[in-house]
Structures are given as structure tokens and as C-alpha cells.
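Q: Sequence:
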Amino acid sequence: MTTHHPPSLGALLRDWRQLRRFSQLDLALEAEISQKHLSFIESGRSRPSREMVLLLAEHLAVPLRERNALLLAAGYAPIYLERSLEDPSLKAARSAIDLILKGHEPYPALAVDRHWTLLAANTAVTRLLGLVADAELLRPPVNVLRLSLHPDGFAPFIVNSAEWRAHLLARLRQQVRATADATLGALLTELSDYPQPGGTGKGHHDSEVEAGIVVPMQLRLGETVLSLISTTTVFGTPVDITLSELALETFFPADAATAEALHALAANGSGTA
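Sequence positions in the sequence shown follow full-length UniProt numbering and run 1 to 273.
Mixed in with the good hints, there may be bad ones.
So the derived label-pair ranges between C-beta atoms look like this [to be verified]:
hint	residue 1	residue 2	range
1	ALA178	GLU223	27 to 35 Å
2	ALA266	ASP113	24 to 32 Å
3	ILE229	SER8	41 to 49 Å
4	PRO141	PRO7	22 to 30 Å
5	HIS37	ALA133	53 to 61 Å
6	SER8	LEU81	20 to 28 Å
7	ALA257	THR231	17 to 25 Å
Note that these hints are calculated values from the structure, not bench results. Here the structure is a predicted model, which is why all the values come from computation and not from measurement. The beta-carbon is built from N, C-alpha and C at its ideal position, and this holds for glycine as well.
Starting from the given sequences, assemble the full structure and let the hints guide the process.
A: Here is the structure:
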């Protein structure tokens, strides 16, 4: 029977260092330690203190969840907790999330976790979900990217679907490169295999759209086309895993006609303009 041993601290640090494209010298200079000391840590010849593990993790921008894994590999107890948003200790954070979502009405806003799972949404998003005919896509846990790009999701209603698809895939690809997250990698493969949309986008290839460029989502509702631009908000200094992995996606009207249409939808409570 084959025994699988968990990766050592040195192996994990080396993986993160290489993912960030740091040489040993680069990381040693960043952390203000000697290259020899870092080499000894990676080779297992030196056992670092808990503070040293956290220092290296900070300079490598390791997510909190993976920092716990580094601590365990070094023989220390994890220090970052992962709590449900319903946990009483996160009441203030949950209240802030609800305030942002509600305050953004009548424009769409939602909260997602690190895998783009829908955690919360305002009424404007709920109205738009009425466009989706496939009940399976709306069965929890709902993945927002899958919902956006699936042929039975929002894809048929997105006018510039080719451009929007390229933008979302570029953003997801960037996340995969930054985190090496296997679940995100599998999601990227799945979404990339969806049929190419036939919308009126500019015809960019996925690799030609860089994440961070503002690309509007143009969503057709009956005779109306909503043009929306999105922003992402995260908690500034989280020490809880759940909050560190949470993002608020808020959509704003890109033109006066879209703003007027969304106010009208809110007034009559329908999903069609």
C-alpha cells in the first residue's frame, strides 16, 4: 500500500516562490533574511519560527487558507479561522455586506467566494435571475461565472457575449495563475469548453483581453439593452478566511438609458423592461 505524505514546508514555500517568480535571492531580500537561511528552510535543514513562516507567507502574498497549511507543515497550529457569514462574530461584516447590497439598489450587486459561488445578492440580481430557464443552474451552490457563460444561463441574453466571455475567462485565468487553485482550474477548463457565443462582440480571442480593462456587459431584456460596468470590492484587512476570500461585485449603468431602465424595473418589480 502506498503511503502519501503531506508536502513539507520547504516544498510548499518553494512552490509559492516559483509561482510568484521569485528567486531565493529575491525572496530573501524582500524578507530581509539571508539567502542561506532561506535555502536551509526550503531544504529542511532549518526549522523556522512561526513568525518566520508568517513573514515569508506575507511577502509571497499567500492566501490566508494556504498560510494555515504552511503553519501545519512547519509543525505549528493554524491561526486563521474560517467561519460562516452567519457566525455571530462576523455580524458586523455581514451587516456591512447587506448594507452595500441593499444600498446599491436598483442596480445589481452580489457577494461571491473564492470559487465564484454566490453567497448573497440584492433584489436587482434576483429579478435578472428570472431570465435563466435552466433550474439546475440556479440550484445552490450557484456559480456566478457558470451562470454567466452557460448556453442555458445568461449567455443568450448578452449582446456582446464574445467580448464578455473573453473578459471573464481572462480574469479567471489570472486567478488560477495567482492561486494555483485546482477548483478554479477545473472551472476554467469547463467554461473554456462552452460553445463560442455568436454575439456582436469585437471578436477578441480570450488571450487578447487583459483582466482589469473595463468591459461592459450588455444584457438584452426584451426590447431594452442594459449596458453595465462592474467593480469589485474586498475587505481591506481580513484575518478570517471567509472574509479574505469574499468579494462584492457591483454593477453600475454605463449610460442614462440603462439607469432609467433599471429604475423602471425596480418600480414595477418585473424582469422585463
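Q: Could you run down the list of hints and mark each one as holding or not?
A: A quick look at each hint next to the structure:
no., hint, result
1, ALA178 x GLU223: 27 to 35 Å, "41 Å, violated"
2, ALA266 x ASP113: 24 to 32 Å, "27 Å, holds"
3, ILE229 x SER8: 41 to 49 Å, "45 Å, holds"
4, PRO141 x PRO7: 22 to 30 Å, "28 Å, holds"
5, HIS37 x ALA133: 53 to 61 Å, "59 Å, holds"
6, SER8 x LEU81: 20 to 28 Å, "25 Å, holds"
7, ALA257 x THR231: 17 to 25 Å, "20 Å, holds"
Going down the numbered hints, you'll see the structure goes against just number 1.
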